[in-house]
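Taking the hints into account, I'd like the entire structure generated from these sequences.
Under the working numbering, the residues of the sequence shown are numbered 811 to 1079, in order.
It is worth saying that the hints were derived from the structure and are not from the lab. One or more hints might be untrue.
[Stated by the list, open to error] Here are the computed lysine to aspartate or glutamate pairs in the EDC-like style, where the Cα-Cα straight-line distance is at most 20 angstroms:
| id | residue 1 | residue 2 |
| --- | --- | --- |
| 1 | LYS867 | GLU915 |
| 2 | LYS867 | GLU878 |
| 3 | LYS867 | ASP890 |
| 4 | LYS867 | GLU921 |
| 5 | LYS1060 | ASP1026 |
| 6 | LYS1060 | GLU921 |
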Amino acid sequence: MPSEQSRLPGDASGAHASLPCRPLPESTLRRVASEALLRVATTPSTRAGRIPRPAPKEVARLCAALLEPGAMAGQTAIEDLLAAGIGRSTLMLGHLPEAARRLGEMWERDEVSFIQVGQAVGRLQRLMRVLRAPGEGRTPHAGRRALFATMPGETHTLGVIIAADACRERGWAVDLSLGEDRQVLLDEIANNAYPLLGLSVGSARTCAALADLLPDLRAAAPQTPFLLAGSFVATSPWRVRSLPVDGWAKDATEALSEMARLVEVNRAG
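Laid out in structure tokens, this is it:
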């Protein structure tokens, strides 16, 4: 899960190369972020057909719920809409993509921070998975399911969103936990049997926070292999090799290879 600072703007090969850290221009960051938000929230069905128009007040209520800490507020909002007679397909094709667009607009107007939008996208993506009917959309290969997470309070989340999108295109089912509170992340991994946890490390500060968090993560998911990725793995490998994880990846190519290896080893083990 490369950091947003590890990829050249507009470079389609960025998912397959290790690039030096460099700041992205603000205009480029906003453009790429907006595109990533739309990709995360758009299903193959919405690309192919007409998108139902949800009521603005319903979308506003859903956005407010997605901005609440944790996953429960968004889940409750969806349950309320279902109880009101709105079908799953309408929510999938109308409400959730429209909520993603609305969140992007709110960020463009500086009404919310990007970390808030990133967290909301992670919650929205989980709701999409819950609502999707069996057999709809791209089917992941057996066992290819993962949670990609950044550390509590982390603000560099764009790279993880893009990496998750790329992995989904390669047959993985990926959930996101972006800068969520410590207990929210622990509950997420404890309550879901993820075959893999991908942890993004973009700085020495993040590395130190992860070292403190790892014992609790291990206790919450003792059978789950942990993969470390991000720009700090590429630039300071000697700093992360001492961490008790199961694999490391300095770029997206290595990450995809390690993800497959760790899941297979864990399954065989």
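Checked hints:
no.: 1; hint: LYS867 - GLU915; verdict: 16 angstroms, holds
no.: 2; hint: LYS867 - GLU878; verdict: 17 angstroms, holds
no.: 3; hint: LYS867 - ASP890; verdict: 13 angstroms, holds
no.: 4; hint: LYS867 - GLU921; verdict: 18 angstroms, holds
no.: 5; hint: LYS1060 - ASP1026; verdict: 24 angstroms, violated
no.: 6; hint: LYS1060 - GLU921; verdict: 34 angstroms, violated
The structure fails hints 5 and 6 (numbered hints given earlier, in ascending order).
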